[in-house]
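A.B. asks: The listed protein sequences correspond, in order, to chains A and B.
Every letter in the first sequence is one number past the one before it in the working numbering, and letter 23, counting from 1, is 23.
One rule links them: number in the working numbering = place in the second sequence (from 1) + 345.
Derived by calculation from the structure, the hints in this document are not laboratory data.
Errors might be hidden in some of the hints.
What the hints assert, rightly or not - Stretch by stretch, here's where chain B covers chain A in the computed footprint (C-beta under 8 Å, at least three residues):
{"id": "1", "segment": "160-171"}
{"id": "2", "segment": "203-215"}
{"id": "3", "segment": "251-260"}
Said to hold, decoys possible - Computed from the model, here is a short list of chain A residues facing chain B with C-beta under 8 Å:
{"id": "4", "residue": "Thr129"}
{"id": "5", "residue": "Phe183"}
{"id": "6", "residue": "Val218"}
{"id": "7", "residue": "Asp221"}
{"id": "8", "residue": "Gly276"}
{"id": "9", "residue": "Leu332"}
{"id": "10", "residue": "Thr336"}
Please read all numbers here as calculations on a predicted model, not as lab measurements.
For glycine and all other residues, C-beta sits at the position ideal for the given N, C-alpha and C.
Letter by letter, the chains look like this.
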Amino acid sequence: MGLDYQLVLWNKHKKTYDKVILIGMLLYIILFASITLVFNSETSIETLVIRAFGTLAILMLHIILIIGPMARLNTRFLPLLYNRRHLGVSMFIAALIHGGFSIFQFHALGDVNPIYSLFTSNMDYDSLTNFPFQVLGFFALLILFAMASTSHDFYLANLSAKIWKRLHMLVYIAYTLIIFHVFLGAFQQETSLFTIVAMCLGFLIITGLHIITGIKEVTIDKQQGTYGDPNWLKVCDIDEIEEDRAKIFTVNNERVAIFKYEDKLSAIHNVCKHQGGPLGEGKIIDGCITCPWHGYQYLPSNGQSPPPFTEKVAIYELKIIGSDVYIKPKALAEGTEVIPINISK
Amino acid sequence: MTSGLRKTHLIMWLMIAVISPIILIITIKNLNIFDSESVIVLSNTNQKKVLVEDDFFKISLDDLSENHSIEIIVKKPLKASETSVFSLNKKGEKDLFLGQITTTGVYTFKCNQVSGIAFFDTIKNEFITKYTF
């Protein structure tokens, strides 16, 4: 969380992660080049660069796409989610080197514009087997460029979290384009069984994890409370909520997090204003509800970030009868002050 | 994520999981990558005269039918990105341009009489390999 926009928001942890990313990328390139030179010493340097950075970008994309669902399934992966943005930008740089070298190698040495050549050198658009696979990679690269260039809190704040998230969900389209780019390329250029098996395995893992977590989320959404009074929804017993933690409920199709802290209860909308993180999976730190994704904080009494920050989330009214917790399903305006319910009274 | 985004997310992944394998299976079915053996069997039954066969090429001449043609089966991908096929004259020199080959597969070129075939890298301007018959 930062008040001013900085080109790169580094801290001690992010610097460590970035070093790991950089070293990992360098090691992969060295390993790929060594193996290639041992087993296929006639490979030209241009081909080596194209293949090394292409495969590196695909490997990184797989890791990026796995982090999200893994963090949903196991909170130990949350630190990776925290640093995913830098991994994404690094992956784009690898993909750009692959794409740039490919366009230069295959299209820039003729007498027509390289981009025009990319689209017209193979016109078998009506064929599945000879489809111009480079075009698919080009469109994927454009999507990755749009994502990498907007991977900054400035764009997140100005586009709104919802639009920004939808823009960044285009990575799934890019992933699909890349699958076909690799498969068709592999089929047309070289039938490498290793490439096909590796891509199939990656596809199964990524789609499997996303669908499993998606179904899990739908199941959570279906867990509704019970109405006694039409204005109040009974959600749980006080003892079901851990101290300084929350329990999440679905109210009017939106998730609400009810936090227990300092003998009090407060309920806020579960979606963080930063990147839509699940606030209810975070905890109370220094008296503030802290998002588990990137550490954005909100005061439990009004859903507002502590000054000078201005982010606000909707807040809900609660009441306790006996040990049962009730919530009023209609949300109050973002930032409305609501006195927390005292448990002992 | 909001409920709308969660729903969009799940629908997108279900679509990717269903559509991508279908397209890939259709593509693989349309490819000839595993058909080289069956092609060779077929060419034998068509009474084509096999001139050369090695790890990379099988070159056959069809001089029995009305359309004299030479058939080249590329078994393995070539390292050259731009390969042209030329007929060779009796002195073993590059004669007529027959056509180009790209990936593995079956290529047929019309020709009357050839003393040999040359595969030429038009970018590096050098012969890849020559076969004389």
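A.B. asks: Hint by hint, say whether it matches the structure.
C.D. replies: Tested hints:
Beta-carbon proximity to chain B at under 8 Å applies to 4 residues in the segment 160-171 of chain A; the threshold of 3 is reached and the given coverage holds. Counting residues of the segment 203-215 of chain A whose C-beta sits closer than 8 Å to any C-beta of chain B gives 6, which meets the bar of three, so the coverage hint holds. Only when three residues or more bring their CB closer than 8 Å to a CB of chain B does the claim for the segment 251-260 of chain A stand; here the count is 3, and the claim holds. The restraint placing Thr129/A at the interface with chain B holds, with a minimum CB-CB distance near 5 Å, inside the 8 Å limit.
Interface hint at Phe183/A: satisfied, since its Cβ lies 6 Å from the closest Cβ of chain B, which is below the 8 Å cut-off. Hint on Val218/A holds. Least Cβ distance to chain B is approximately 7 Å, under the 8 Å limit. Satisfaction of the interface hint for Asp221/A is found here, the shortest Cβ-Cβ separation to chain B being roughly 6 Å, below the 8 Å cut-off. Taken as an interface hint, Gly276/A checks out: its beta carbon lies about 5 Å from the nearest beta carbon of chain B, inside 8 Å.
Taken as an interface hint, Leu332/A does not check out: its beta carbon lies about 18 Å from the nearest beta carbon of chain B, beyond 8 Å. Annotation: Thr336/A was flagged as interfacial toward chain B, and the flag is violated, the nearest CB pair being 20 Å apart, outside 8 Å.
The structure fails hints 9, 10 (numbered hints given earlier, in ascending order).
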